[in-house]
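A.B. asks: Each chain, letter by letter, is given below.
Number of protein chains: 2
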Amino acid sequence: MTQYIYNFGGGRADGNASQKNLLGGKGANLAEMAILGLPVPSGFTISTECCNDYFRAGGKLPDALYAELDAAMLKIEQFMGKKFGDPKNPLLVSSRSGARSSMPGMMETVLNVGLCSATIPGLIEQTGNPWFVYDAYRRLIMMYSDVVMEKAEGVEPKDGMGIRLHLDMMLNDLKNDRGYASDAEITAKEMSALCDKFKRKIVEHLGVEFPDDPREQLLGSIGAVFKSWNGKRAVSYRRIEHIPDTWGTAVNVQSMVFGNMGETSATGVAFTRNPATGANIFYGEWLPNAQGEDVVAGIRTPNPLNNDTKSDHNAHLPSLEEAMPEIYKELAHIRTTLENHYRDMQDIEFTIEQGELYMLQCRVGKRTGTAALNMAMDMLEEGLIDEPTMVNRLNPTQLDEMLHPVVDPDAAKSAEVLVNGLPAGPGGACGQIVFTSEDAVYWKKKGKAVILVREETNPEDIEGMRAAKGILTARGGMTSHAALVARGWGKCCIVGAGALKIRADLKELHVVSAGGVGSGSGSSGAKIYKEGDFLTLNGTTGIAYAGKLKMKDATANPKFKQFMSIADKYRVLKVRANAETPKDAAQALEFGAEGIGLFRTEHMFYGVDSEKPLFLLRKVILSKTPHERQMALDELYPFIKKEMKGTLEIMDTKPVTFRLLDPPLHEFVPHSRETQEELSKELGIDIEEIQKRSQALEEVNPMMGHRGVRLGITFPEITRMQFKAIFEASAELIKAGKNPLPEIMVPVTCNEKELIFTKKLCDQVYEDVIKEFKSCSGDQIASIPHQFGTMIEVPRAALMSHKMAEHAEFFSFGTNDLTQMTFGFSRDDIGSFMNDYIDNAILDADPFATLDQEAVGSLIEISVKKGRETRPNIKLGICGEHGGDPASIEFCHKVGLTYVSCSPYRVPVARLAAAQAAINYKIDRY
Amino acid sequence: MTQYIYNFGGGRADGNASQKNLLGGKGANLAEMAILGLPVPSGFTISTECCNDYFRAGGKLPDALYAELDAAMLKIEQFMGKKFGDPKNPLLVSSRSGARSSMPGMMETVLNVGLCSATIPGLIEQTGNPWFVYDAYRRLIMMYSDVVMEKAEGVEPKDGMGIRLHLDMMLNDLKNDRGYASDAEITAKEMSALCDKFKRKIVEHLGVEFPDDPREQLLGSIGAVFKSWNGKRAVSYRRIEHIPDTWGTAVNVQSMVFGNMGETSATGVAFTRNPATGANIFYGEWLPNAQGEDVVAGIRTPNPLNNDTKSDHNAHLPSLEEAMPEIYKELAHIRTTLENHYRDMQDIEFTIEQGELYMLQCRVGKRTGTAALNMAMDMLEEGLIDEPTMVNRLNPTQLDEMLHPVVDPDAAKSAEVLVNGLPAGPGGACGQIVFTSEDAVYWKKKGKAVILVREETNPEDIEGMRAAKGILTARGGMTSHAALVARGWGKCCIVGAGALKIRADLKELHVVSAGGVGSGSGSSGAKIYKEGDFLTLNGTTGIAYAGKLKMKDATANPKFKQFMSIADKYRVLKVRANAETPKDAAQALEFGAEGIGLFRTEHMFYGVDSEKPLFLLRKVILSKTPHERQMALDELYPFIKKEMKGTLEIMDTKPVTFRLLDPPLHEFVPHSRETQEELSKELGIDIEEIQKRSQALEEVNPMMGHRGVRLGITFPEITRMQFKAIFEASAELIKAGKNPLPEIMVPVTCNEKELIFTKKLCDQVYEDVIKEFKSCSGDQIASIPHQFGTMIEVPRAALMSHKMAEHAEFFSFGTNDLTQMTFGFSRDDIGSFMNDYIDNAILDADPFATLDQEAVGSLIEISVKKGRETRPNIKLGICGEHGGDPASIEFCHKVGLTYVSCSPYRVPVARLAAAQAAINYKIDRY
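Protein sequence lines correspond, in order, to chains Z and U.
926 is the number that the working numbering gives the last residue of the first sequence; the numbers go up by one with no jumps.
926 is the number that the working numbering gives the last residue of the second sequence; the numbers go up by one with no jumps.
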């Protein structure tokens with residue numbers, strides 16, 4: 001027969017910490033603490049299996065449970081020296097939920113179970129505190145009638161109001177009638193009378209009597225906790241957190257202890273180390289004569305646990321160390337016991353009842369990134385944990401905060417939230433609003449810090465984006481122009497803040513609430529901010545604040561490099577960076593990049609300090625005859641070569657993957673009258689003609705239009721120019737004794753013949769350059785080592801990988817586009833429906849942020865398999881935005897890629913995620 | 001040892017007609033005719049294997065060939081009683097190419113091989129016609145120096161001019177000097193002198209002597225024919241026709257016979273039945289005293305073969321039947337022999353040399369669609385062929401011409417081509433140019449036939465498109481708005497005619513030549529057509545002509561229905577039609593549709609006669625509040641229900657698949673000031689607000705934007721309205737004793753949860769309708785039979801088909817979108833690069849016209865497999881444009897789909913293609 005109940009208390013327990021699946025997190029840790037001999041109020045856990053059986057039986061406790069329950073209660077009574085339902089010395093218990101993983105506040109709790117007309121007098125006599133007893137009874141009635149009698153029974157409130165609301169109103173009426181400010185002013189007699197009134201209301205409202213039998217209360221509360229597993233809130237939470245419905249919850253029935261029974265009673269929470277800094281000190285807060293929820297509620301300022309915890313706010317209050325030194329010593333000992341046992345920082349809850357310490361909970365404590373890093377390194381040094389464990393202790397995304405200055409969290413608490421957007425560029429930034437790129441540059445020259453606010457950005461905004469401390473846009477997603485540029489630079493940026501209406505004409509920013517379809521309306525009732533007003537952006541959370549907020553300088557932790565070098569020992573995946581200037585490449589190297597996995601030729605045009613290259617590219621694009629075009633290409637050539645050469649030089653001996661010009665030409669077409677006029681002058685044609693040529697390049701769906709390799713097939717001269725730049729830059733470096741390793745990557749391919757076509761151009765230019773460098777400088781350059789490969793970013797290319805691999809020495813998965821085309825989602829347009837998709841749980845996550853492993857992943861797996869069938873040693877990488885996402889990196893490790901590539905500031909994140917993947921998933925590498 | 005040479009002649013042959021792979025089509029049929037005892041000039045075929053060995057050896061005839069060649073020549077000499085190189089009685093031969101499948105004019109031929117200084121006198125003596133002999137020698141020199149000495153040797157012409165051009169100029173100079181109008185006026189002596197001049201020019205130009213040795217000439221001509229397999233023209237042709245390079249060509253060496261040796265000589269071509277009508281008469285033309293090319297060249301009007309072939313043009317000329325009754329009788333007998341043998345209509349070439357009949361070629365004859373149908377039915381009746389053979393005799397695309405009036409091909413020959421575009425809507429149309437929808441309607445009312453010319457069309461042009469005889473657009477592809485609408489109506493339409501510049505403002509049409517990048521320039525030097533000018537469109541070829549061309553009325557062939565019903569017996573795939581009005585559905589039924597596979601709710605808005613529904617849809621779209629929207633939906637509802645009900649009624653007992661609203665709402669937004677004003681009045685908001693709301697709906701990549709099921713998730717009220725219309729229409733029909741079979745299809749899904757969401761809405765509305773129809777009319781409607789399914793048109797949906805099939809009772813492959821997303825090709829934008837892709841052989845065909853079986857096909861196969869794993873009896877269809885393409889239909893049959901769906905006018909094509917697929921590919925059906 002299945003055992004449903006697992007007792008704990010008195011130095012022993014039926015279960016232990018390893019049984020979280022069966023006992024839930026709370027129950028397993030209570031059992032473990034009991035085994036460790038810690039003072040846990042005696043109790044038992046009813047298993048998650050019982051929960052599943054409960055639902056299987058249609059919401060009925062299994063018959064076999066009853067006998068076990070009686071035996072378990074008997075054990076509690078024995079340990080506690082009290083008796084459930086006893087008129088003289090009654091035992092009270094709580095029924096609390098506890099799932100395998102924490103679902104805070106999502107399920108129900110019933111306290112003070114066992115209080116009834118029979119036990120109240122005895123408890124009054126025992127405690128000498130009738131108010132305390134009636135208040136406890138009041139709480140039981142309120143919780144029980146709500147949770148057990150109404151919700152668990154599925155009673156639809158007659159008048160639309162739940163019983164809880166009725167009782168709350170009655171309690172408030174009483175206080176109003178009497179002019180009381182708090183519950184404490186209610187007399188015991190009044191409280192007792194209120195309990196009677198409550199019970200009458202319950203009969204009236206629910207049609208049943210409040211149960212006066214302790215056993216009935218106990219069974220009711222157990223069933224109600226189980227039932228709350230399928231409550232609305234819990235189900236929604238599980239959807240979001242991907243917790244399976246089949247896990248079920250355990251119920252923990254535990255004898256009640258009270259921290260509010262006088263001056264020798266207290267309650268508190270503590271962390272075994274400082275969760276903010278990681279410092280190895282005991283850190284916590286407590287309140288004398290109080291209940292657990294009082295600490296959390298924040299009505300009273302909690303006392304410091306000890307001297308180490310004292311701060312400006314609480315230094316005047318006595319610490320537990322000072323007030324109850326013996327108890328504190330006992331607690332400090334428990335801290336050591338728990339840390340040695342769990343080998344990780346613990347978050348604990350305790351209650352002191354009339355001088356007696358009880359442990360109510362322990363679990364792994366949440367911590368900041370810095371704390372996580374410091375603790376992990378300390379514990380490694382202390383011999384508590386080994387290296388793989390240490391590497392796993394830091395969530396890769398927590399590295400972010402160590403690499404950028406951040407908004408001071410304390411300052412943020414009291415600040416006015418302006419708007420919520422998408423966290424596109426990390427860190428914090430504070431400055432004055434400007435609305436144009438020109439103004440940003442101008443204000444910066446005057447020594448001001450500015451925040452550039454735009455509807456959305458385009459390449460013409462680059463100068464202003466460079467000049468700004470932070471960027472805020474009303475439109476665009478995580479992979480919009482602003483987001484890509486900002487992330488590449490590691491610049492603070494918030495995009496897609498839809499509640500903003502930007503009136504650049506008026507130099508005003510209106511903040512409105514969201515409208516319906518076609519919501520392009522005016523901004524009546526909006527808050528208005530003007531040029532020069534201060535804003536603070538938190539690019540890590542996507543929240544923009546009004547005004548100037550304090551920033552925290554997050555200088556690199558000295559332990560950071562040491563931690564990363566240990567992580568690197570375990571890593572299998574290589575990590576490269578996406579960069580297109582020598583400056584960015586240098587930054588990437590500093591963060592540990594092992595190559596450039598994506599040099600986007602077109603990014604150069606908005607990455608460099610001069611506007612000249614962009615102007616020349618526009619000339620190329622708007623040229624009409626091949627002759628005009630070749631002239632413009634010749635002018636553009638030195639700029640391209642310079643950036644390529646500089647990047648190859650910086651990355652010496654490390655590979656640099658050059659992606660050929662990719663985006664629709666129309667993206668670079670000039671929209672401003674000024675630039676149009678300048679081009680008109682340069683090209684010697686009138687401005688109407690410039691506008692006409694620009695219009696001719698417009699496309700209905702540019703993302704699936706004339707771009708990538710398609711440009712190189714219609715305009716081979718543009719591709720040839722790039723090959724020439726790559727090979728001449730390399731040849732010059734080789735002559736200078738360097739070791740450039742260029743890799744040529746063809747974008748947006750769908751067909752092996754596109755590769756054949758492009759490879760032929762490449763080979764021709766290569767031969768020309770080799771000849772040229774032979775003839776002018778003797779015989780020193782026999783060859784330029786290079787590789788030729790392709791992006792896999794179109795579904796067809798993935799499906800045809802056996803053919804693509806015939807001509808490509810490497811594949812790089814462009815998961816941004818692959819996601820767009822696999823889903824049929826334009827990343828620029830998902831704003832209109834993505835929220836509804838997430839809200840309705842149709843998608844678990846934005847697939848542009850985290851790789852869709854099911855379908856996009858299956859295309860990658862097909863591609864890897866087919867590619868290797870043709871070319872067993874093919875090099876495989878990923879260079880989409882997902883290259884910096886830990887979950888996606890784990891996937892890349894599992895499918896056996898060679899490297900991931902991400903923006904420079906994500907390189908440490910990727911290194912750590914790759915190390916953790918290698919530790920947690922051993923795979924057979926090809 | 002491999003046998004390279006296969007002799008034929010004298011009633012026997014080494015090869016036969018089944019050996020086309022080895023002997024080429026020409027050689028195999030020559031052998032077959034020889035075996036049949038027909039008078040074939042003796043000769044031999046050098047096999048395609050020899051061709052491959054020739055290239056394998058780097059362009060050298062295999063050593064083993066020489067001995068075989070000598071033996072083979074000896075046999076010809078014996079049969080012909082002449083000797084190769086003999087001064088008295090010389091044998092002349094021809095060397096002709098002949099590949100497995102016909103490549104007309106793509107490879108080389110050398111005639112009169114064996115003429116040299118040694119044999120000329122003997123031949124003159126034999127023929128008594130020195131002019132004839134020197135003219136033959138002149139031809140040999142011109143052909144041989146060009147084909148063998150220059151091209152095959154890869155000689156680059158020194159002065160950029162080939163030898164052929166030089167010799168042509170010399171011949172012309174001679175005629176000009178003498179004032180001769182034709183070659184015939186040149187004297188024998190002059191001709192002889194010209195030959196000598198030719199030979200000197202050859203030495204001067206090519207640096208080698210013209211060979212005077214017959215054997216050298218023979219070997220040279222054989223090598224040159226082989227070499228021409230890899231000539232530029234032949235290679236390009238093979239790319240286009242998908243002929244593998246490995247096939248190689250055979251060489252046919254055959255003794256020369258001359259039809260120009262006097263009045264008892266002649267030459268002719270004939271078909272064993274009439275290739276235009278299929279009538280069972282012997283049909284052909286001949287010329288006395290002439291060579292083969294004279295018949296083809298069209299300089300002289302050829303004589304009719306017999307009385308049956310006489311026409312207005314040639315009735316005055318003697319027929320062969322009259323001129324040479326014995327020879328004609330012999331030829332008529334051969335006709336019967338060939339038809340009984342090949343059991344198909346043959347295209348033959350013959351030469352009569354001094355009263356002796358020779359057969360030079362026979363092959364299966366090309367024929368019109370009508371002829372193919374009639375012949376096939378006749379031959380079935382005659383017992384020549386069986387039913388499956390008959391069904392295979394008609395190319396499905398040939399059915400097109402039987403269903404639409406067409407441009408008279410004779411008229412087209414001499415007409416001025418205005419522009420080439422894409423053949424978007426079938427048949428022909430002739431009318432006067434108009435530039436706006438309004439004008440089209442107005443002119444039509446005045447009784448004029450008009451051609452509507454537009455940059456591209458949109459829903460606002462519907463009235464004008466209806467009114468026009470034909471539609472011509474400058475932009476858009478085969479699946480653009482104009483193409484889809486026109487094809488749906490079976491209306492003549494040409495789209496994407498890029499050389500047109502349409503100045504609707506001036507009511508002018510400019511035809512220009514293509515420019516470079518950004519070619520949006522003016523139209524200097526363009527031809528200009530104005531409103532009211534006549535145009536003729538051939539929608540089947542995509543050619544537009546200036547002026548009024550004669551049309552041919554192609555009324556339905558009486559044998560058509562009989563033919564189709566025999567084809568249907570063999571068909572396995574069901575054929576449905578895409579239609580969204582009762583009228584179109586009726587048309588589809590008439591063409592044999594077995595259901596509606598695609599009822600596009602949004603097409604209704606431009607398919608009906610009133611503008612009201614479109615106006616109401618615009619109201620829905622531009623509504624801002626849910627209340628406004630619901631009001632507009634309520635107004636729209638009756639229109640939607642009416643079309644749905646009418647279609648269900650017409651299709652009674654046959655399924656109708658309703659696709660929920662699919663396209664981006666922005667497509668329906670009003671662009672004309674007039675409509676905007678009207679909407680502004682109706683909605684009670686100002687016009688600027690209307691414009692703002694419209695702009696807010698604009699998307700960067702609408703094809704991957706807010707459309708399909710995504711609309712239904714953000715605006716469930718729009719989906720609910722459609723469900724209500726479907727179920728209420730069905731319920732009303734059931735009440736009236738009908739049997740509607742609605743199927744609900746969800747578009748643009750990528751995720752099973754989208755189906756769960758939509759199914760829930762569907763079930764709710766279904767229950768409501770069932771309840772409603774129960775309560776108001778007793779208990780007669782217990783249920784409405786219906787199915788719930790999804791399009792598979794997003795790659796992710798295909799990859800996730802195991803999940804999709806959990807909720808979908810059927811899949812319908814939307815191969816238009818699936819192709820777009822699998823390739824990353826926007827069908828609206830491929831114009832800028834598709835030509836370069838085809839020209840560079842990167843793609844064999846436009847994947848929107850013929851299904852890409854490799855990759856898109858593999859997604860379909862994955863989907864079929866995964867879908868059936870979950871739901872073995874899942875219904876599978878295709879409703880993209882490919883549903884009417886024969887090659888794609890064959891693919892659908894092979895992967896085991898249930899049905900294809902195409903526009904009504906394609907239904908017969910699809911039925912025939914499906915029947916042929918079933919006959920040619922037996923598959924295990926699920």
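Since the hints were made in silico from the structure, they are not lab data.
Some hints could be false.
Just so you know, same-sequence chains aren't split out, so a pair can sit in one copy or run between any two.
To be verified - With a straight-line Cα cutoff of 30 Å, these simulated BS3-like cross-link-like pairs (lysine-lysine) come out:
{"id": "1", "residue 1": "Lys-366", "residue 2": "Lys-60"}
{"id": "2", "residue 1": "Lys-530", "residue 2": "Lys-624"}
{"id": "3", "residue 1": "Lys-507", "residue 2": "Lys-624"}
{"id": "4", "residue 1": "Lys-753", "residue 2": "Lys-865"}
{"id": "5", "residue 1": "Lys-894", "residue 2": "Lys-866"}
{"id": "6", "residue 1": "Lys-894", "residue 2": "Lys-803"}
{"id": "7", "residue 1": "Lys-413", "residue 2": "Lys-232"}
{"id": "8", "residue 1": "Lys-865", "residue 2": "Lys-894"}
{"id": "9", "residue 1": "Lys-642", "residue 2": "Lys-875"}
{"id": "10", "residue 1": "Lys-83", "residue 2": "Lys-197"}
{"id": "11", "residue 1": "Lys-624", "residue 2": "Lys-501"}
{"id": "12", "residue 1": "Lys-530", "residue 2": "Lys-692"}
{"id": "13", "residue 1": "Lys-60", "residue 2": "Lys-158"}
{"id": "14", "residue 1": "Lys-724", "residue 2": "Lys-199"}
Quick caveat, the model's predicted, so the values are computed rather than measured.
A.B. asks: Tell me, which hint numbers fail for this structure?
C.D. replies: 1, 14
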